[in-house]
Amino acid sequence: MRPNRATSLRDKLRSAPDCGGRFLWGATASVALGDLLRGTSLGGHLGELAGRSVLIATRDQLAAAVALIELDGVARRLIVCTPDLSSEHLPSVIAKAGVDAIVSDHDLHDQGDLGVRLHVNCDPAITPAESVAVDSHPTEWVLLTSGTTGAPKMLRHTLASLTAPIKSGQNQGTDIVWATFYDIRRYGGLQIFLRAVLGRGSLVLSSTGEAVGDYLLRLGARGVTHISGTPSHWRRALMSPAVRAMAPRYVRLSGEIADQAILNALRVCYPQAGVGHAYASTEAGVGFEVNDGLEGFPANLIGANGEVEMKIEDGSLWIRSARTASGYVDEEGATLTHDEGFVDTGDVVELRADRYYFLGRKSGVINVGGLKIYPEEVEVVINRHPAVRMSLVRSRRSPITGSLVVADVVLKGEPEATDVKREILALCNENLAAHKVPATIRFVPALNVAAAGKLARHHA
Amino acid sequence: MSIKAAIIAEIQQIVGERKKTLPPLRDDLVLLESGLDSLGIAILVARLEETLGLDPFTESDDVSYPVTLGDFIRIYENAAKSRDVASG
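Protein sequences, first through last, are from chains A and B. For the working numbering, count along the first sequence from 1 and bump the result up by 128. For the working numbering, count along the second sequence from 1 and bump the result up by 56.
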């Protein structure tokens with residue numbers, strides 16, 4: 129039984145008992161959901177977008193939220209750009225996804241000719257409009273996540289797979305106010321956006337560049353009740369003087385390993401709230417939620433029958449469910465599912481007593497506050513320094529951002545320690561994003577090289 | 057060098073590397089407004105473990121996250137005291 133899964137987001141809103149008093153609140157503007165049912169953000173162009181492969185490339189989250197509601201069930205495909213998608217990757221995203229229309233809230237002409245003729249401007253200021261009859265299409269949602277070479281991986285979902293983790297009948301209070309530290313164009317944030325739209329409450333969106341203290345004050349003013357973020361988001365919130373401006377009933381963590389310290393700190397800060405951590409990824413969907421206040425997850429979840437099936441193979445967690453992505457847009461590359469529909473999450477777990485604990489990524493990918501780093505991209509930069517013979521970049525646990533990047537460096541001659549260290553850091557600062565610059569550099573006499581001539585990496 | 061002096065020297069170093077400006081470092085300065093974002097604070101904690109041999113945030117599951125520079129310094133001073141007591 130999958131009630132309400134066949135209809136679009138807008139149909140769901142229309143059939144909700146009462147949209148009056150429900151809002152999407154941004155930092156500078158807001159949208160009443162009732163107005164959206166009687167109006168449009170797309171300036172009369174909805175009909176032209178029917179059946180197309182539409183790239184949503186807005187700066188503002190609120191503009192993206194409104195466009196997603198309007199276009200689900202209308203567009204053939206929605207490609208949801210993350211706010212940090214670099215312009216160098218835009219042409220390949222457009223080509224791979226067969227984009228033939230772009231919806232944006234700003235001028236994209238500085239990106240050069242993208243080869244897409246239909247550009248529609250969207251504006252969260254809703255203008256009243258007669259409802260237009262458009263052919264309904266089951267819309268494919270394409271979500272982006274960072275990939276090995278820096279080019280994003282493009283994962284195919286449907287409204288059904290995205291909403292499969294949302295239990296009907298749960299969180300249906302009209303007084304619920306949702307919020308998320310995530311951007312709603314990432315899987316973790318999208319889950320909260322969909323819970324808000326499909327439930328009966330409202331949603332408070334963050335804004336790009338908004339200081340965490342300012343967002344917390346807005347959350348308090350709007351009376352937020354349910355809020356999610358990564359452990360790094362939450363640690364940052366706990367270091368803000370405004371952390372007690374809000375008093376949520378439910379606090380959720382996902383996207384990174386939730387350690388016992390952050391779970392305990394949230395319980396102390398918000399004694400009235402339930403604190404839960406969820407395992408989810410764009411590829412595997414929501415795997416499970418843990419609500420017993422402890423890090424890791426109960427071993428009896430593995431092998432259990434249910435909506436989500438999980439197994440451990442080669443030390444990593446594999447998941448099969450109706451919530452996983454159906455595959456990559458570009459299937460010539462890697463395939464997502466193996467072995468009868470199971471997705472290898474690449475997350476390495478270890479069994480201790482009756483619980484599993486996450487150790488890190490099988491591929492060696494380092495997750496700094498939710499951002500992925502491939503060690504090789506940092507090593508290439510370090511190795512450019514004339515005094516460097518070779519380097520190994522690895523992950524180090526951090527109580528603030530989950531992990532940090534650190535480097536072991538072999539020099540060609542004797543180390544004149546401080547100067548070379550400073551120069552390597554300067555080189556990294558010039559060529560890499562801040563989260564990719566090593567936090568510490570250690571000079572070592574040698575690095576282990578494995579039999580195949582590659583650096584020996586200790587993954588996870 | 058005192059714990060406080062070591063912390064301030066390390067903050068100045070990190071802020072300098074990242075080409076940010078540093079406001080006057082008073083005890084009531086909110087750490088996230090010191091020119092360090094949470095990544096900067098993570099780097100500070102990692103480097104202090106190397107220079108002071110202390111990581112008070114990892115040693116216990118019951119940590120309080122510091123809001124001000126004064127909070128941050130106190131957490132390290134307390135960790136140093138309990139280490140000195142433990143080592144006798």
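Keep in mind the hints are simulated off the structure, nothing from the lab. Misleading hints may appear alongside valid ones.
Unchecked claim - Computed cross-link-like contacts, DSBU-like style, restricted to lysine-lysine with a CA-CA straight-line distance of at most 30 Å: (1) K490/A <-> K60/B; (2) K500/A <-> K75/B; (3) K60/B <-> K549/A; (4) K76/B <-> K549/A; (5) K500/A <-> K60/B; (6) K281/A <-> K224/A.
As the list claims (entries may be wrong) - The following label-pair restraints were derived from C-beta to C-beta distances: (7) H247/A <-> E115/B: 53 to 59 Å; (8) T463/A <-> A65/B: 36 to 42 Å; (9) Q69/B <-> D458/A: 52 to 58 Å; (10) A65/B <-> K295/A: 51 to 57 Å; (11) K76/B <-> D342/A: 15 to 21 Å.
Keep in mind it's a predicted model, so treat the numbers as computed, not measured. Glycine residues also receive a C-beta, built at the ideal position from the N, C-alpha and C atoms.
Hints, one by one, checked against the model:
1. K490/A <-> K60/B: Since the Cα atoms of K490/A and K60/B sit roughly 39 Å apart, the hinted pair is violated (cutoff 30 Å).
2. K500/A <-> K75/B: holds, 23 Å
3. K60/B <-> K549/A: holds, 24 Å
4. K76/B <-> K549/A: holds, 20 Å
5. K500/A <-> K60/B: violated, 33 Å
6. K281/A <-> K224/A: It holds: about 11 Å lies between the C-alpha atoms, which stays within 30 Å.
7. H247/A <-> E115/B: 53 to 59 Å: Holds - the Cβ-Cβ distance for H247/A and E115/B, about 55 Å, lies within 53 to 59 Å.
8. T463/A <-> A65/B: 36 to 42 Å: Between T463/A and A65/B, where Cβ atoms are some 52 Å apart, the hint is violated.
9. Q69/B <-> D458/A: 52 to 58 Å: violated, 44 Å
10. A65/B <-> K295/A: 51 to 57 Å: holds, 52 Å
11. K76/B <-> D342/A: 15 to 21 Å: Given about 19 Å between the Cβ atoms, the range holds.
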